[in-house]
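Those sequence lines, one after another, are chains A and B. Okay, so the first sequence: first residue is 1 according to full-length UniProt numbering, each after it adds one. Okay, so the second sequence: first residue is 1 according to full-length UniProt numbering, each after it adds one.
Among the clues, some could well be false.
Just so you know, same-sequence chains aren't split out, so a pair can sit in one copy or run between any two.
Claimed, not checked - The calculated lysine to any residue pairs, modelled on SDA-like cross-linking and capped at a C-alpha distance of 25 angstroms, are:
1. Lys126 <-> Thr91
2. Lys70 <-> Lys126
3. Lys312 <-> Glu259
4. Lys77 <-> Leu101
5. Lys77 <-> His241
6. Lys242 <-> Thr6
7. Lys242 <-> Gly311
8. Lys242 <-> Ala181
9. Lys293 <-> Met266
10. Lys293 <-> Leu251
Honestly, the hints are just simulated from the structure, not real lab data.
There are 2 protein chains.
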Amino acid sequence: MTQKITITDSTLRDGMHTVRHQFTPSEMAEIASALDQSGVDIIEIGHGDGLAGSSYQYGFSFASDEEYLKAVCHVVKQAKVAVLLLPGIGTLKDLHAAAELGAKVARVATHVTEADISEQHIKSSKQLGLLTVGFLMMAHMEGPERIVEEAKKMESYGADVVYVTDSAGALLPDGVRARVAALREALNIPIGFHAHNNLGVAVGNTLAALAEGATYVDGSLRGMGAGAGNAQTEVMVAALHKAGYQTGCDLNQLIHAAEHIVAPKMSRPQIIDSVALILGYAGVYSSFFLHAKRAAEKFGVDPLAILVELGKRRVVGGQEDQIIDVAYELSLARKEKTVV
Amino acid sequence: MTQKITITDSTLRDGMHTVRHQFTPSEMAEIASALDQSGVDIIEIGHGDGLAGSSYQYGFSFASDEEYLKAVCHVVKQAKVAVLLLPGIGTLKDLHAAAELGAKVARVATHVTEADISEQHIKSSKQLGLLTVGFLMMAHMEGPERIVEEAKKMESYGADVVYVTDSAGALLPDGVRARVAALREALNIPIGFHAHNNLGVAVGNTLAALAEGATYVDGSLRGMGAGAGNAQTEVMVAALHKAGYQTGCDLNQLIHAAEHIVAPKMSRPQIIDSVALILGYAGVYSSFFLHAKRAAEKFGVDPLAILVELGKRRVVGGQEDQIIDVAYELSLARKEKTVV
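Okay, chain A solo, but in the shape it has when bound:
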């Protein structure tokens, strides 16, 4: 196994969730520069919910997409800078602006059953000359057959890579293997895998994906990311090197960046607490994490109860308003119970 694996680090995009999108442009530039010097292939940046994510709905980021892209593209010499685009949140206009500012990769993300809505975004991204990645989120909610169906759409629109995205950290290695193997069989483009660590298997799942032929994998320094966080880049790279894969990364520099540049900027350690674990177990969206905590406090209910109920209702990204509904309903149910 001497295959070169393409590493995307998402400390500065998925990791933004854990600092409420408050990295400053100069902090981003410092971290991006360290990642660049560590040999990471792709550095994803911006608001946790992608281009134009800065809003009342998703929380305002410290700076604008433009400010972040300018700061980062100015210091990154070797890596490609990526942006995330969730159709419905970001627009084609945002994508054009990002490309003009120096983004070289667009990751166009939809719910696992909604690839249709990515058509114009993927096509535009290709026209802009960007490396274009299709991101099928909440991949645990559908089996291999349906995922293949959706991934084929993205391939037909021109995507260069398609990712199995375990947004809720709800997959186990066998589930990852089945999905990646099916895509490898059915598609002619490289397959990627994006892990979350809610069930403690972010790195284990990443190894499983690689064993089935995935060649693009994601991580973040110190594991920073929504919910229980991502595969921890420096740990993942160590594991990959030990398993015989080539990443092109300098492990010592990654370790240094994680410990001395990123860790001091974290507002909390990236652990698997009860809410994050239930997210993985209940299979709901990792970015619901903080929303559920806040709603639980507001309505005086158990955040775990909210998340388990959301899982039952198969709530997906974009339906964050239901978090409040569920919290309110649970608080009512509790009051009725108390009265009775």
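Chain B: place on chain A using the hints.
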């Protein structure tokens, strides 16, 4: 897969490393009681280095083995209480005392190539009527053939179970599979697996071990343990349930115990920092973690450099004195370099 897996929780033994062995007997009793009510099969307690570990060499624990055993055995109703015995640290006398105080399981641990020294301890443990577990530590240092050879010795002495113990957190899932599969093939007793999370795969490795037929696995609440810690019990059980295994554990109670009883007592979050990662990558003993940090501070050298050098020298448990030697040599080498 409806097989019953035997869960051993080591929060109160391996986890003792992370609080410098300072849990009080009443804290131990509180945590043990919560574990007992959660349905865990075996609760391992005591100094991190086992019976009689409390010493200048390994650090003094808050209380004695006797005080811990009395406090815990008094409150545990369903689970079996286990002690760890490292021949050379603990003695037969300690084992007899533990059995009299209510321990029902002895885990007799040796370096992976040193099963010979466990003969009288395993035989005595059996005579005392204890469930007797052979623990082959630093299992990454030898391949399946040699591990089978050593495990067969433990089986011949009367061990009821033999564990593949990844003390340094240096194995990846494939390495775990190969070792567990070889033992399953060669032995007539159940096989166990004890993970450390230095490469981020404690839960992933545990699932790999189970897939190859291991039926005993270990964890600790919040992952508390030497180095990067163990498989996080509540996360591991969630993953096992999701994978279709029966553990007999109540996941909600485990989550509650982790978050509300254990987490407030932790002196640091159990994360994979640079030293822990290098431990897994360099393949040296997880309990070297704090020793190396202290030696590094004392001699003004890089803790990573100490650990990588220890890995090269294949230093094992009991050779902790070499940590100081290496730190001292590195400090000399640096001075010479500075002078030149």
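Comparing the hints with the structure gives:
1. Taking identical chains as interchangeable, the C-alpha atoms of Lys126 and Thr91 lie at most 25 angstroms apart only when both belong to the same chain, with a minimum of 15 angstroms there against 70 angstroms between chains.
2. For the homomeric pair Lys70 and Lys126, the shortest alpha-carbon distance inside one copy (22 angstroms) is at most 25 angstroms, but the shortest distance between copies (69 angstroms) is not.
3. Taking the shortest Cα distances, Lys312 and Glu259 sit within 25 angstroms of each other only across copies (24 angstroms), while inside one copy they are farther apart (39 angstroms).
4. Taking the shortest Cα distances, Lys77 and Leu101 sit within 25 angstroms of each other inside one copy (14 angstroms), while across copies they are farther apart (65 angstroms).
5. With identical chains, the CA atoms of Lys77 and His241 are at most 25 angstroms apart within one copy only, with a shortest distance of 24 angstroms there and 46 angstroms across copies.
6. For a Cα distance limit of 25 angstroms, the shortest separation of Lys242 from Thr6 inside one copy, 16 angstroms, qualifies, whereas the shortest one across copies, 30 angstroms, does not.
7. In this assembly of identical chains, the alpha carbons of Lys242 and Gly311 lie at most 25 angstroms apart only when taken from different copies (14 angstroms versus 36 angstroms within one copy).
8. Taking the closest pair of Cα atoms, Lys242 and Ala181 come within 25 angstroms of each other both inside a single copy (23 angstroms) and across two copies (21 angstroms).
9. In this assembly of identical chains, Lys293 and Met266 lie within 25 angstroms of each other by CA distance both inside one copy and across copies; the values are 19 angstroms within and 22 angstroms between.
10. Proximity of Lys293 to Leu251 under the C-alpha cut-off of 25 angstroms is restricted to the inter-copy arrangement: shortest distance 20 angstroms between copies versus 35 angstroms within a copy.
Checked against the numbered hints given earlier, the structure satisfies every one of them.
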